[in-house]
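Residues per chain, in single letters:
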Amino acid sequence: MSYLVICLIIMAGTTYLIRVAPIAFFQKKIENLWVQDFFYYIPFCVLAAMTFPDVIYSTTPSGDLSPHFLSAILAAQVALISAWKEKGLVLVAFLAVLTAIAVELVLKYMVSF
Amino acid sequence: MKEFIRGIKTGFPICLGYIPVAFTFGILAVKMGFDPMVATFVAFTNMASAGQFAGIRLIDGGAPYIELVMTTLVINLRYMLMSFSLTQKIAPKMPLYKRCIIAFCITDEVFALASMQKQDVSFSFFTGLMATPIFGWTFGTFLGAFASGLLSPMLQGCMGIALYCMFIAIIIPEAKKSRKVALAIVAASLLSCIFKYVPGINVLSQVGGGGWAIITSAVIAAAGAASIKEINRRKKRQQILMAEERSEA
Chain A
1 MSYLVICLII
11 MAGTTYLIRV
21 APIAFFQKKI
31 ENLWVQDFFY
41 YIPFCVLAAM
51 TFPDVIYSTT
61 PSGDLSPHFL
71 SAILAAQVAL
81 ISAWKEKGLV
91 LVAFLAVLTA
101 IAVELVLKYM
111 VSF
Chain B
1 MKEFIRGIKT
11 GFPICLGYIP
21 VAFTFGILAV
31 KMGFDPMVAT
41 FVAFTNMASA
51 GQFAGIRLID
61 GGAPYIELVM
71 TTLVINLRYM
81 LMSFSLTQKI
91 APKMPLYKRC
101 IIAFCITDEV
111 FALASMQKQD
121 VSFSFFTGLM
131 ATPIFGWTFG
141 TFLGAFASGL
151 LSPMLQGCMG
161 IALYCMFIAI
171 IIPEAKKSRK
181 VALAIVAASL
191 LSCIFKYVPG
201 INVLSQVGGG
211 GWAIITSAVI
221 AAAGAASIKE
231 INRRKKRQQI
241 LMAEERSEA
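From first to last, the protein sequence lines are chains A and B.
Mapping of the first sequence onto our numbering: position 111 corresponds to residue 111, and the numbering continues sequentially without gaps.
Mapping of the second sequence onto our numbering: position 183 corresponds to residue 183, and the numbering continues sequentially without gaps.
Hint data in this document are derived by calculation from the structure and do not stem from the laboratory.
Computed from a prediction, not measured in an experiment: that's the story for all the values here.
Do not take every clue at face value.
Claimed, not checked - Straight-line alpha carbon distances no greater than 25 angstroms define the calculated BS3-like cross-link-like pairs of lysine-lysine that follow:
(1) Lys235(B) - Lys196(B)
(2) Lys85(A) - Lys118(B)
(3) Lys177(B) - Lys87(A)
(4) Lys196(B) - Lys87(A)
(5) Lys89(B) - Lys29(A)
(6) Lys28(A) - Lys229(B)
(7) Lys93(B) - Lys29(A)
(8) Lys180(B) - Lys236(B)
(9) Lys176(B) - Lys9(B)
(10) Lys89(B) - Lys31(B)
(11) Lys98(B) - Lys28(A)
(12) Lys118(B) - Lys9(B)
(13) Lys2(B) - Lys31(B)
(14) Lys229(B) - Lys180(B)
(15) Lys177(B) - Lys89(B)
(16) Lys31(B) - Lys9(B)
(17) Lys229(B) - Lys87(A)
(18) Lys29(A) - Lys229(B)
(19) Lys29(A) - Lys9(B)
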């Protein structure tokens, strides 16, 4: 087998094993209230830790060495506000991407002067 | 069948959000010299954003197998936590093969929406929930890989924020409803920033593509919030006890 094929199997296999092991082998209901609360908070905490601070680097094209902070921060603001108004996943993402594009265009226009 | 359709409806926004993010993955993979079908295959078999990006970078650099295993493991370790958390959320008597099927699509967003359901999550609901995101992720990659020349780097960059905005759209409405969720979110975000920027501690975000930093931040924040709730619970119990004693006296 080629290096690539083995690597593809490794990536898929490792990722699946991580996901399947707990859910397949742990079938007890946990009675402990602390543990139940802990699991209630986990999704929000994981998503928050993934979002901040990485979101401010997210509009930088790959390979670009100088980060595009301004478009990312303004777009994240729009996302936060529209999420606060409970606009739903798709609209929140759409408005933020539009904002990022608008900011990038304005910046590009200003640089060209 | 009703549950399956409810799952589809719940999961469809995730599908739409996945398309632009997968699109950028497809572009990046092709730029690195991967075949578009290989990129699509990676997306379908992994269903993991950060893990995939790191993985193809390692393969591109000709990294040893063990490094690929370790990096994939650490970046995706959070899925283990999610899978464990789901054991408490799925229908208790779900047979093994069904558990093995839903395990395939425990992604950040699918997990978050599944755990926010009020009742136990059935197999039909979960398969409905995962169906369109799997399609969106795979098809988005396919589109990006084959149409990589169509978008300017600026547009490609801007689409990268879509993933984070989905995260924001999931957590903020819950933070509005519960002060403890808001507190947990702020704590997790602050910890994650500390692990990234404070000299010395930031090694945590430099190894394993940031996987350790995410897990550690999330576990500490969730444990803190759960502990505050526990303390409040005990206080309340004590107050009730004292009130009872008083009324008896």
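Against the structure, the hints come out as follows:
Of the pairs offered as hints, the one joining Lys235(B) and Lys196(B) is violated, with about 36 angstroms between alpha carbons and a cut-off of 25 angstroms exceeded. The straight-line distance between the Cα atoms of Lys85(A) and Lys118(B) is roughly 22 angstroms, inside the 25 angstroms bound, and the hint therefore holds. Restraint check for Lys177(B) and Lys87(A): satisfied, since their Cα atoms lie roughly 15 angstroms apart, inside the 25 angstroms limit. Using a Cα cut-off of 25 angstroms, the hinted pair Lys196(B) and Lys87(A) is violated, with the two alpha carbons roughly 30 angstroms apart.
Between Lys89(B) and Lys29(A) the alpha-carbon distance is near 9 angstroms, which keeps this suggested pair within the 25 angstroms criterion. In summary, the hint linking Lys28(A) to Lys229(B) is supported, as the alpha carbons are separated by about 23 angstroms, within the 25 angstroms threshold. A distance of roughly 11 angstroms separates the Cα atoms of Lys93(B) and Lys29(A); the hinted pair therefore holds under the 25 angstroms criterion. Of the supplied pair hints, the one linking Lys180(B) and Lys236(B) holds, its CA atoms being roughly 17 angstroms apart against a limit of 25 angstroms.
Between Lys176(B) and Lys9(B) the alpha-carbon distance is near 23 angstroms, which keeps this suggested pair within the 25 angstroms criterion. A hinted pair counts as satisfied when its Cα atoms are at most 25 angstroms apart, and Lys89(B) with Lys31(B) does not qualify at roughly 41 angstroms. A hinted pair counts as satisfied when its Cα atoms are at most 25 angstroms apart, and Lys98(B) with Lys28(A) qualifies at roughly 16 angstroms. For a cut-off of 25 angstroms, the pair hint linking Lys118(B) to Lys9(B) stands: about 16 angstroms separates their Cα positions.
Simply put, Lys2(B) and Lys31(B) have alpha-carbon atoms about 43 angstroms apart, too far for the 25 angstroms limit, and the pair is violated. A threshold of 25 angstroms between alpha carbons decides the hint, and for Lys229(B) with Lys180(B) the separation of about 8 angstroms falls inside it, so the pair holds. Distance restraint check for Lys177(B) and Lys89(B): the Cα-Cα separation of roughly 21 angstroms lies within the 25 angstroms cut-off, and the hinted pair is therefore satisfied. At roughly 34 angstroms between alpha-carbon atoms, Lys31(B) and Lys9(B) are farther apart than 25 angstroms, so this suggested pair is violated.
With a C-alpha separation of about 29 angstroms, the suggested pair Lys229(B) and Lys87(A) falls outside the 25 angstroms cut-off, and the hint is violated. Of the supplied pair hints, the one linking Lys29(A) and Lys229(B) holds, its CA atoms being roughly 20 angstroms apart against a limit of 25 angstroms. Taking the CA atoms of Lys29(A) and Lys9(B), the gap is about 28 angstroms. The hint is violated against a cut of 25 angstroms.
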